[in-house]
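Protein sequence lines correspond, in order, to chains D, S, X and V. In terms of our numbering, the first sequence is numbered consecutively and its last residue is 135. In terms of our numbering, the second sequence is numbered consecutively and its last residue is 1111. In terms of our numbering, the third sequence is numbered consecutively and its last residue is 2248. In terms of our numbering, the fourth sequence is numbered consecutively and its last residue is 3579.
Simulated from the structure, these hints should not be mistaken for lab results. Treat the numbers as computed from the prediction; the structure is a model and nothing was measured. Some hints here could point you the wrong way.
Claimed, not checked - According to the in silico footprint, chain V covers these stretches of chain X (three or more CB under 8 Å from chain V):
1. 2060-2068
2. 2158-2172
To be verified - Covered stretches of chain D, as calculated for chain X (at least 3 residues, CB under 8 Å):
3. 9-17
4. 26-38
5. 69-78
Just so you know, even glycine gets a beta-carbon here, dropped at the ideal spot from N, CA and C.
Chain by chain, the residues:
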Amino acid sequence: MTRNRPDPSLLFHPRMPGNWWLRKRTYFLFIVREFTSVFIAAYLIVFLVQLYQLGNGPGAYQAFMGQFASPGWIGFHAVALAFAIYHSLTWFYTTSIVIPLRIGAMVAPRYVFTLLNVAVWLAVSAAILAIYLIW
Amino acid sequence: MNHRKTLEPMWWGLFSAGGVVAAFLIPIHIVLLGLAIPLGWLPGSAEIFQSWIVRLYLFVLISLPLYHWAHRFSFTMSDLGLRPIRKPLAILCYGSAIAGTVVTAWVLLRI
Amino acid sequence: MSERTVSLKVTRYRPGQDSTPTAQSYEVAYPDDWVVLDALNFIKDHVDGTLSFRWSCRMGVCGSCGMMVNGEPRLTCSAFLREFDSQEIRIEPLAHFPVIRDLVIDMSGFLDKLKSVSPWIIRDTEKDPSEGEYLQSPKQLDAYHPFTACINCLLCYSACPIFGLETDFIGPAALALAHRYNEDSRDQGSAARWNAINDHNGAWQCTFVGECSVVCPKSVDPAAAIQRLKVDTAKQWVRSVLLPWGQK
Amino acid sequence: MSMTVTHDILIVGGGGAGLRAAIAAAEHSAGLSIALVSKVYPMRSHTVSAEGGAAGVMREEDSLDQHARDTIFGSDFLADQDAVEALVQEAPRELIQLEHWGCPWSRDPDGRISVRAFGGMSVDRTLYASDKTGFHMLHSLFQTSLKYDNIVRYDECFVTSLLIDDGKVQGVAFVNLFSGRVQAIHAKVVIMCTGGCGRVFPFTTNAAIKTGDGMALAYRAGAPMKDMEFVQYHPTGLPGTGILITEASRGEGGWLCNKDGYRYLQDYGLGPPTETPVHRKMELGPRDILSRCFVQEDQKGRTFEGPHGSYVHLDLRHLGEKLIDQKLPFVRELTRNYVGIDPVVEPIPVRPVVHYMMGGIHTDIDAKTPLDGLYAAGEVACVSINGANRLGSNSLTECLVFGARAGRAAAEYALDQPAPATNPVEALASDEQRRLDAQFFRKEGGTENVADIREAMQQTMEEGAGIYRDEARMQQTCNDLRELRERFANIRIEDRNDIFNTERIGALELDYMLEVAEVIANSALLRRESRGSHTRTDHPERDDANFLKHSLAYRTETGPRIEYAPVSITRWQPEERKY
Chain D
1 MTRNRPDPSL LFHPRMPGNW WLRKRTYFLF IVREFTSVFI AAYLIVFLVQ LYQLGNGPGA
61 YQAFMGQFAS PGWIGFHAVA LAFAIYHSLT WFYTTSIVIP LRIGAMVAPR YVFTLLNVAV
121 WLAVSAAILA IYLIW
Chain S
1001 MNHRKTLEPM WWGLFSAGGV VAAFLIPIHI VLLGLAIPLG WLPGSAEIFQ SWIVRLYLFV
1061 LISLPLYHWA HRFSFTMSDL GLRPIRKPLA ILCYGSAIAG TVVTAWVLLR I
Chain X
2001 MSERTVSLKV TRYRPGQDST PTAQSYEVAY PDDWVVLDAL NFIKDHVDGT LSFRWSCRMG
2061 VCGSCGMMVN GEPRLTCSAF LREFDSQEIR IEPLAHFPVI RDLVIDMSGF LDKLKSVSPW
2121 IIRDTEKDPS EGEYLQSPKQ LDAYHPFTAC INCLLCYSAC PIFGLETDFI GPAALALAHR
2181 YNEDSRDQGS AARWNAINDH NGAWQCTFVG ECSVVCPKSV DPAAAIQRLK VDTAKQWVRS
2241 VLLPWGQK
Chain V
3001 MSMTVTHDIL IVGGGGAGLR AAIAAAEHSA GLSIALVSKV YPMRSHTVSA EGGAAGVMRE
3061 EDSLDQHARD TIFGSDFLAD QDAVEALVQE APRELIQLEH WGCPWSRDPD GRISVRAFGG
3121 MSVDRTLYAS DKTGFHMLHS LFQTSLKYDN IVRYDECFVT SLLIDDGKVQ GVAFVNLFSG
3181 RVQAIHAKVV IMCTGGCGRV FPFTTNAAIK TGDGMALAYR AGAPMKDMEF VQYHPTGLPG
3241 TGILITEASR GEGGWLCNKD GYRYLQDYGL GPPTETPVHR KMELGPRDIL SRCFVQEDQK
3301 GRTFEGPHGS YVHLDLRHLG EKLIDQKLPF VRELTRNYVG IDPVVEPIPV RPVVHYMMGG
3361 IHTDIDAKTP LDGLYAAGEV ACVSINGANR LGSNSLTECL VFGARAGRAA AEYALDQPAP
3421 ATNPVEALAS DEQRRLDAQF FRKEGGTENV ADIREAMQQT MEEGAGIYRD EARMQQTCND
3481 LRELRERFAN IRIEDRNDIF NTERIGALEL DYMLEVAEVI ANSALLRRES RGSHTRTDHP
3541 ERDDANFLKH SLAYRTETGP RIEYAPVSIT RWQPEERKY
């Protein structure tokens, strides 16, 4: 327990500027990382609408899917994909910090865990693609 | 320090699960359904969605990342200046994720 | 040894006189092996005795000389002047903390936070020293040892934007020390630390920016510690929901 | 904070000894109120810089007698043997107690605390927490101290005087750095734990805060200073900064080589050189001898010349990266960060550097000083277990053993004291405020720069009270110090802001250092023999007939008055000290 503290009225209290996240590259990348979730959620809503149209019958679904070839929708999906990939990579990296990968008594360098995750990610993606094509 | 009980472990658990699902599964879905099929690189068929296993999978695929969004969005908006309304913002975000879960289930059931 | 000159732009804040900090520049000629702290001491001794800052061991272990050097939190005893290409180096008090004077910050809040996580060994039954040590294998030691390296220099707090926005956040160093004791095989006190950690101002406030670990001069990796606390706390929470009768 | 605060026990200094004393007192009786006053936050204390380890008998192959004998032999027979016996006997319990409080001691594969070799010790008995032992001890003690609600800290408060009333120490007056105001705390008993005074020398491992505050405070209050002539040079400091390269680097097998790559210690009776370290031989000789060997090697022109004076090499390369990272990671970090040298591939430049004061406030075996109500422990005190030369790794143990003893003894003392009928401290505090205002805070005029006087003091101390000493140079130093004292009366203090005014603190610290430096130089002048770290070219032999005794310095207006007191000898008769 400490009994001695400075007089609060004489302290200078700094304030974070509103644009703090623009002042450092790492902060900016952090905000981008957090905002990947917005693009992923947006994509999922679009996907949900797509599935909703499926419930309205094949005609409605085909009509809805037809619009996806337009440059606007392609652009949307391309941007969503870019953010989704950014999410995947940052997620694998941050997970490597949370879960140390032990090989025997040694803790493996983080990039090993990250690369391992990337490999699993690519394998899972290929598997999903294969299942879809075989179906 | 305020030692109130909190639901934050639950929200964080859902956020993490959503983050994992999004990281491993979402990109290939965008590639497939958002780019490859509309651009005609691959044939588009909706038959696969009739499967119950696929629909269960889709439920997980869509609902969990919504919690991931809710968690990150509410924290990030707080960090970007909405800290004064942190509580209502959190209720709105997590509430939206819950609503999204219900809607997802409904949509998948009516396919 | 070659000498060069640099202009140190130092933040001054005179409590009771200034309402906000101002910057004051000092020209300093320095030999190649000077660190920022040497330059500040030169100013203090020979140019301007009114400049106030903390320092002591000048070997990177007492933790008292942390300041913002060109916007980055650094221990000034190990920040060599020759590292900086610029003609001018900005020296500011550690970011996000209240300033007492000049480069001296108020760290009493940190000490309260440190205490709030009960950073000591907690046991159900104590063994008398005459019965010998608690055995601990090198592997058990390794599990928590990196988190014992914290020198409480508070650079991590200055790197953390979340602490800047929410000064009640317990923050990286205190949480890393909570994790250090939770992971110590001799400790049985994680339940006692649960409330402090499982709080909005505890681990949950952290959004894993990760800069705390980048600036840590002792490679403590508080970011990892906090995320592991979240995992442990979430597991514990699930257990308490699923097995409520098993909990105290 | 009100002006009249009362505690049962007041501890000045929050390092290893102070924190250990506080915890001992807190555990002795929960009803005691304990104040811990420190000029820095406790975890900044200089204990943090100790690296190598703490000695204690932990293994079957070791014995208390061997530890005692090594210590007494290392002290050149000036240590009080009853005190040494207490130290070695209580060391194991204290070290295990610290383990129970969370100190991350390095471990053997079977889970026991590891031990390593250290200079002058005949067995591996130095417990260590990698090579940051002091850091880990300090933080373990500090964090443990947080759990005691009856320990109340006054952080960043600079003590300016002991309050004496009715012939007893009754508290302290201090400047609160946060307000600049002089405050006072009444206490039934005061324990001084402020550490050493290495900063009276220009080249030291000691942190900036090691300015002899407690020594000067006690000395001014009338307590005698014991054996202050004995100043330990550590053989391996980094040139320029004086950063300590731990003796553990030699305990683990490091070599000291001259500029020809030759392990020169073999020429000074410490051989023969062996591949693996042998206890008490070569690089594992005691610090005083190794430091003298460096000077002689330098005089033979066999050292390197650098911008910060001559140096030799500490070679760790043959130990390999794995051992260095495991056991000496801090050495690697320090040399990489501060001199850009990786000890895995390059030898480290080192030279002797002022490290430790064997002397201090005279205390008995229970840490009690001759001044009623004043106790002291740690480097500030002289029990004495270190005599004329301390063995490495005994000082951290000393902080624990005698810190705990001081805490318990002071608790007993406080419990015996009646509550004060009147509280005199308020009046004393305002007297102290007036004194400090006149001499420092509101002092008008003055032309002398504090830093200039400090540098002159350090210079003359190195010249007159260094590794090798002689009458003429010591006398010159004594004269210089008197002159500096006069110049000090004319210092200039510009800063008039009361809050965190470090210019004032710097001046007050110099005031203390001048006091302590004078005691060191005058004690040295009168000890006409060579013993342990005190080596005189004009009296090269040990003289047991005349000087097998402690020197005690008392303050007078004209300078220290030196008296002598017998050394306590129990079972080990003085013999020639040869390794």
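Do the hints match the structure? See the list:
Only residues whose beta carbon comes within less than 8 Å of a beta carbon in chain V count, and the segment 2060-2068 of chain X has 5; three or more means the coverage holds. Check on the segment 2158-2172 of chain X: 0 of its residues sit with their Cβ under 8 Å from a Cβ of chain V, so the three-residue criterion for coverage is violated. Beta-carbon proximity to chain X at under 8 Å applies to 6 residues in the segment 9-17 of chain D; the threshold of 3 is reached and the given coverage holds. Here's how the segment 26-38 of chain D fares: 4 of its residues keep a CB closer than 8 Å to some CB of chain X, so the rule of at least three is met and the hint holds.
A stretch counts as covered by a chain when three or more of its residues have a beta carbon under 8 Å from one of that chain; for the segment 69-78 of chain D and chain X the count is 0, and the coverage is violated.
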